[in-house]
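Enquirer: Protein chains in written order, with my numbering: chain A, 1 to 541; chain B, 1 to 279.
Derived by calculation from the structure, the hints in this document are not laboratory data.
Just so it is clear, the structure is predicted and the values come from calculations on it, not from any experiment.
Be a bit skeptical, because a hint or two may be false.
Pair ranges (Cβ atoms, derived) [claimed, not checked]:
hint	chain 1	residue 1	chain 2	residue 2	range
1	A	D487	B	W54	34 to 42 Å
2	B	I59	A	P370	27 to 35 Å
3	A	Q234	B	D135	28 to 36 Å
4	B	S171	A	K395	27 to 35 Å
5	A	G151	B	F14	48 to 56 Å
6	A	D130	B	F14	53 to 61 Å
Below, in silico cross-link-like pairs of lysine-lysine (DSS-like), each with a Cα-Cα straight-line distance of 27 Å or less [to be verified]:
hint	chain 1	residue 1	chain 2	residue 2
7	B	K46	A	K392
8	B	K193	A	K381
9	B	K48	A	K331
10	A	K77	A	K12
11	B	K193	A	K354
From chain B, some residues computed to sit far from chain A (all C-beta separations above 10 Å) [as the list claims (entries may be wrong)]:
hint	residue
12	L18
13	W39
14	R119
15	I195
16	V216
Glycine included, C-beta positions come from ideal geometry on N, C-alpha and C.
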Amino acid sequence: MSEVKPLPLSIKDLSFQYNSRSTPAIKHISFDVNPGEVLLIAGSSGCGKTTLMRCINGLIPNAYHGEIKGEIELFGKSVFDIEMSEISQEVGTVLQDPERQILGTYVLNDVAFGLESLGMPTEKIFPRVDQALEKMGILYLRDRETFGTSGGEKQKIALAGVLAMKPRILLLDEPLASLDPASAMEALKIFRQLADEGLSVMIVEHRVEDVLAIKPERVIYMDEGEITYDGDRQGMMEVVDYTRIKLPAEVVLRRAKNEPPPEFEPVLKPQEGDLELLVEFEGVNFQYDEDYPFVLHDINFKINKGDIIAILGHNGSGKTTMVKHALGLLKPSQGHVYLEGNDTRDITVATAAKSVGYVFQSPTQMLFAPTVGDELAFGPKNLGFSKAEIQKSVKWAIETVHLEEELDTPPLALSFGQQKRISIASVLSMRSRLLMMDEPTAGQDYWNYRAFMDAILQMPGFDSIVFITHDLDLALIYANRIMILFDGQIVADGSPPEVLKDEDQLINYRILPTSLLKINQQFLPKTGSFYRAETLAHRIG
Amino acid sequence: MDKIDPRARWIFSFAFLLSATMFWNATFLFIFFILAIIWYYFGKTKWKETRHGWFLISIMLFSMIVINTIITGGGAGGVVPPGGHVIWPQKFTIPLVNWEINFGLTVERLWFSLCQLMRLGGISLIFLLIPYTMDSRAYGATFHGLGMPDNVAYTMELAIRFIPTLARDLSVTLDAQKARGYEIEKVKGGIFKKIARIAPLLVPVTMNAIIGSEDVANAMDLRCFGQAKRTWIYPLEYHWWDYALIGFSALMLVGSIVAAHILDLGGFWTPEWFMNLFA
Numbered sequence: 001m002s003e004v005k006p007l008p009l010s011i012k013d014l015s016f017q018y019n020s021r022s023t024p025a026i027k028h029i030s031f032d033v034n035p036g037e038v039l040l041i042a043g044s045s046g047c048g049k050t051t052l053m054r055c056i057n058g059l060i061p062n063a064y065h066g067e068i069k070g071e072i073e074l075f076g077k078s079v080f081d082i083e084m085s086e087i088s089q090e091v092g093t094v095l096q097d098p099e100r101q102i103l104g105t106y107v108l109n110d111v112a113f114g115l116e117s118l119g120m121p122t123e124k125i126f127p128r129v130d131q132a133l134e135k136m137g138i139l140y141l142r143d144r145e146t147f148g149t150s151g152g153e154k155q156k157i158a159l160a161g162v163l164a165m166k167p168r169i170l171l172l173d174e175p176l177a178s179l180d181p182a183s184a185m186e187a188l189k190i191f192r193q194l195a196d197e198g199l200s201v202m203i204v205e206h207r208v209e210d211v212l213a214i215k216p217e218r219v220i221y222m223d224e225g226e227i228t229y230d231g232d233r234q235g236m237m238e239v240v241d242y243t244r245i246k247l248p249a250e251v252v253l254r255r256a257k258n259e260p261p262p263e264f265e266p267v268l269k270p271q272e273g274d275l276e277l278l279v280e281f282e283g284v285n286f287q288y289d290e291d292y293p294f295v296l297h298d299i300n301f302k303i304n305k306g307d308i309i310a311i312l313g314h315n316g317s318g319k320t321t322m323v324k325h326a327l328g329l330l331k332p333s334q335g336h337v338y339l340e341g342n343d344t345r346d347i348t349v350a351t352a353a354k355s356v357g358y359v360f361q362s363p364t365q366m367l368f369a370p371t372v373g374d375e376l377a378f379g380p381k382n383l384g385f386s387k388a389e390i391q392k393s394v395k396w397a398i399e400t401v402h403l404e405e406e407l408d409t410p411p412l413a414l415s416f417g418q419q420k421r422i423s424i425a426s427v428l429s430m431r432s433r434l435l436m437m438d439e440p441t442a443g444q445d446y447w448n449y450r451a452f453m454d455a456i457l458q459m460p461g462f463d464s465i466v467f468i469t470h471d472l473d474l475a476l477i478y479a480n481r482i483m484i485l486f487d488g489q490i491v492a493d494g495s496p497p498e499v500l501k502d503e504d505q506l507i508n509y510r511i512l513p514t515s516l517l518k519i520n521q522q523f524l525p526k527t528g529s530f531y532r533a534e535t536l537a538h539r540i541g
Numbered sequence: 001m002d003k004i005d006p007r008a009r010w011i012f013s014f015a016f017l018l019s020a021t022m023f024w025n026a027t028f029l030f031i032f033f034i035l036a037i038i039w040y041y042f043g044k045t046k047w048k049e050t051r052h053g054w055f056l057i058s059i060m061l062f063s064m065i066v067i068n069t070i071i072t073g074g075g076a077g078g079v080v081p082p083g084g085h086v087i088w089p090q091k092f093t094i095p096l097v098n099w100e101i102n103f104g105l106t107v108e109r110l111w112f113s114l115c116q117l118m119r120l121g122g123i124s125l126i127f128l129l130i131p132y133t134m135d136s137r138a139y140g141a142t143f144h145g146l147g148m149p150d151n152v153a154y155t156m157e158l159a160i161r162f163i164p165t166l167a168r169d170l171s172v173t174l175d176a177q178k179a180r181g182y183e184i185e186k187v188k189g190g191i192f193k194k195i196a197r198i199a200p201l202l203v204p205v206t207m208n209a210i211i212g213s214e215d216v217a218n219a220m221d222l223r224c225f226g227q228a229k230r231t232w233i234y235p236l237e238y239h240w241w242d243y244a245l246i247g248f249s250a251l252m253l254v255g256s257i258v259a260a261h262i263l264d265l266g267g268f269w270t271p272e273w274f275m276n277l278f279a
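Sequences and hints are given; from them, build the entire structure.
Expert: So this is what it looks like as structure tokens:
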């Protein structure tokens, strides 16, 4: 009789409640993980995915304390009976933000960190580091400083640091969050390859459709701390709520036919006839320092009243740098940027802020006041509004984002989604005509980001909206104009059907066509425009 | 400078710091100052790379020497004897506002400020060189090599690792607040008012650092930090010149202790020729 090998991971009836909470974060979780399989764990924010990961990699109960019930076995041994160092050698974890996970100033030192911690002899560490870097295809980065590497490279460095410890299970917490589509696809291919070589790979990810491209053997869907689906990917697509996680467009198209069409009508419409000009870029070139290369090259475009512009482009293409020019946060090295006819060189940022509201990627980068009311009053006060005007603006802004009851709450005590809405409200209260948003959906799950974007696009008060995104579907659903930046140059600018018609060209610009784009293109002669899958289901009859 | 073992460099730097702070005697301080210049010269740094550091040090020197010693006289308290030879009108009036200033700069205080410049300038020269010339990978191994526990030693290296991240976060927050009409140049008023006015910068940066530190701690735990005796892959090796430097440092420190505390040569005094300049 052959000996039965223990499973890499076996979880039985696991529940956990943090000491600081009154309800369990996860309840009655049971599943097994086989060697060589990719397991996708999906679910909305707060469904318990991160807690589950912490239970598997030993952070619970070693770093986070609470009441734990049930059993977790790694290769037949209970995790409660083994040391954290032993768990870490079996279970490699890549956290969501690689920037915070990279501990070394140089790539070599970061990848060697775990091996150094284990006290491995130096002569054994170097070959292991080189092997891990080679596997990730980044051996050329070995002697580079970590801070200057790109987002995609950082993700690979973090993964190499984990792989150097030769784990047999890989836990990946939203590994695609900061990557552009092409970099995300490269990362996914690596995960698939690692699974094919025998590792058990568990991916926690909001970008479900992207992960489905590497054909995960199994999918677990979690809701309110419990597993509500555990099975193959085909089955998941039939049972999971398609408004909660992003499924392939053809699946949504089929399933949405029997549901009422979503109600969404953006306030802004492209203007016809005489266009009212808000911002104009004229021959803009930009370099951060005269010793550095130019990062923007000959940028020329206009933002008119009624425009909803999505700016797409790979990591480091210059999107944020370009948008900062509209507000005067950066001044062109050559050329001019005009804001309502004024050269941004001649006005202060504070003056520009009266016309342009700029919402940064993370709300925690700007929220500071003791109450939401004070936060919303900050901008108008700086712009010299009268007391009565401030009160009126704050009231209007908080009502627009539907958070009236939180006016006296500290903004940092709110949920991430609410903080995001407060950051928008703090710009609304300044009565700016033009709203600019950098990665507005970053850090939000599918349901929340759609609700957020629907709300913003239906808000009164803006003459134009510009947003930077990596998400092609977000651009094609919400924008009436798309601009693509590639290596600091605008390579496409026009309506979504115009800009997105050539798939090969998009791939050249590191933008990957999605199922929603393909299906929209298929029905374009009939619909005349691009729509979200639920709307398209009703438009095509 | 690259050839010197970082442990020897730190030993020399601390020995210099301890020795220089034992003296107010200008002759000794002059020797230390010259030694610091020679040391700094061997660092071969370029002005362009160190200018921001020097800018911050200039602010510190200005506030300590010009404001605290020359203008208010506070910095000289306890060292320069009371009284002295006044070389500046004791009372004068600022035109337009008619403010009466009671200002009594003495020759002794002026000489003391020169001694301060040599002492603080010398220490600055020695320590400013470190971040610009020492390999950022060497901090942990160096402090471990100097006898610190692994977790304390690695904290130093981690601090260096996250300085650029912190600087970037500060820059993003500054931009985010500028976009809401905030103008840091217009921060005016008393100390409490100023602190309150920079809260829009300090609070988000601090909160982000706290939130980020949880991830950093998790990342360290997940890679077994502190769970075994650590290996340090950064190579450290003493050579004869390192031993010579350590020997010199020990000699400097012992010599300073003897000169300052046994022979009592470290005290402040103003030379006659300097007094005569203002006679």
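Enquirer: Hint numbers the structure violates, sorted upward?
Expert: Violated hints: 3, 5, 6, 7 and 16; rest satisfied.
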